[in-house]
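Quick note, the sequences are listed as chains A and B, same order.
Numbering follows the working numbering, in which position 38 of the first sequence is assigned residue number 38; successive positions increment by one, without gaps.
Throughout, the working numbering is defined as the position within the second sequence, counted from one, plus 1000.
Hints are computed from structural coordinates only; laboratory data are not their basis.
Computed from a prediction, not measured in an experiment: that's the story for all the values here.
Accuracy of the hints is not assured; some may be wrong.
[Stated by the list, open to error] Some, not all, of what chain A presents toward chain B, calculated at C-beta under 8 Å:
#, residue
1, Phe91
2, Asp99
3, Tyr100
4, Tyr103
5, Pro106
Don't be surprised by glycine CBs; every beta carbon is placed ideally from N, CA and C.
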Amino acid sequence: EPEVTQTPSHQVTQMGQEVILRCVPISNHLYFYWYRQILGQKVEFLVSFYNNEISEKSEIFDDQFSVERPDGSNFTLKIRSTKLEDSAMYFCASSLVTDYEQYFGPGTRLTVT
Amino acid sequence: GQQLNQSPQSMFIQEGEDVSMNCTSSSIFNTWLWYKQDPGEGPVLLIALYKAGELTSNGRLTAQFGITRKDSFLNISASIPSDVGIYFCAGSGTYKYIFGTGTRLKVLA
Chain A
1 EPEVTQTPSH QVTQMGQEVI LRCVPISNHL YFYWYRQILG QKVEFLVSFY
51 NNEISEKSEI FDDQFSVERP DGSNFTLKIR STKLEDSAMY FCASSLVTDY
101 EQYFGPGTRL TVT
Chain B
1001 GQQLNQSPQS MFIQEGEDVS MNCTSSSIFN TWLWYKQDPG EGPVLLIALY
1051 KAGELTSNGR LTAQFGITRK DSFLNISASI PSDVGIYFCA GSGTYKYIFG
1101 TGTRLKVLA
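Chain A on its own, in the form it takes in the complex (with noise of 0.2 Å):
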């Protein structure tokens, strides 16, 4: 069955460092999806992405966050300066169509420090 795959499973940075989480959507998906959990919280919407564009985008996902698909089957989200909040589980999620079943990935955990 295809699924959302993340890498890394777990990612340590120093603040004020860059990281770029990577992320292989479903292979026939067109709508991707990048979401943050705090730790024991609830799933927060960052970015939806469509045709090489940002659809939406919540007051969370500001300047220092930015998003890529650098080739036909990678979905990145990059944070420029990593700050001591912004550690949490990040996941991409894809989708065939909008208004549709969303498939997540595992995740990875970003442990700034």
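Since the structure of chain A is provided, determine the placement of chain B on it from the hints.
Frame of chain A, contents of chain B only:
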């Protein structure tokens, strides 16, 4: 911004009991999704609902899309120990999904 209120926040039930949880919002959604999340893992899609009034089942799970499009509920019948976890609703509209606050389910054997 849009918010989804999910209740109850947590519940303990005996194995074999039925469970009911719901999500309400002040906003209208086009689609409702229900997920289960185990510790340290990504949410797993359980049920998707696309039309107001729709009632859909997946094994022991049944979910409904409210007529007003502002709410949804999930029922789990005859709970078993592996039903333990956090259940999230998510409503979609215009390229994003908003998640509920979650219901933590604990099943006592």
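For this structure, which hints from the list above don't hold up? As far as the earlier hints go, not one is violated by this structure.
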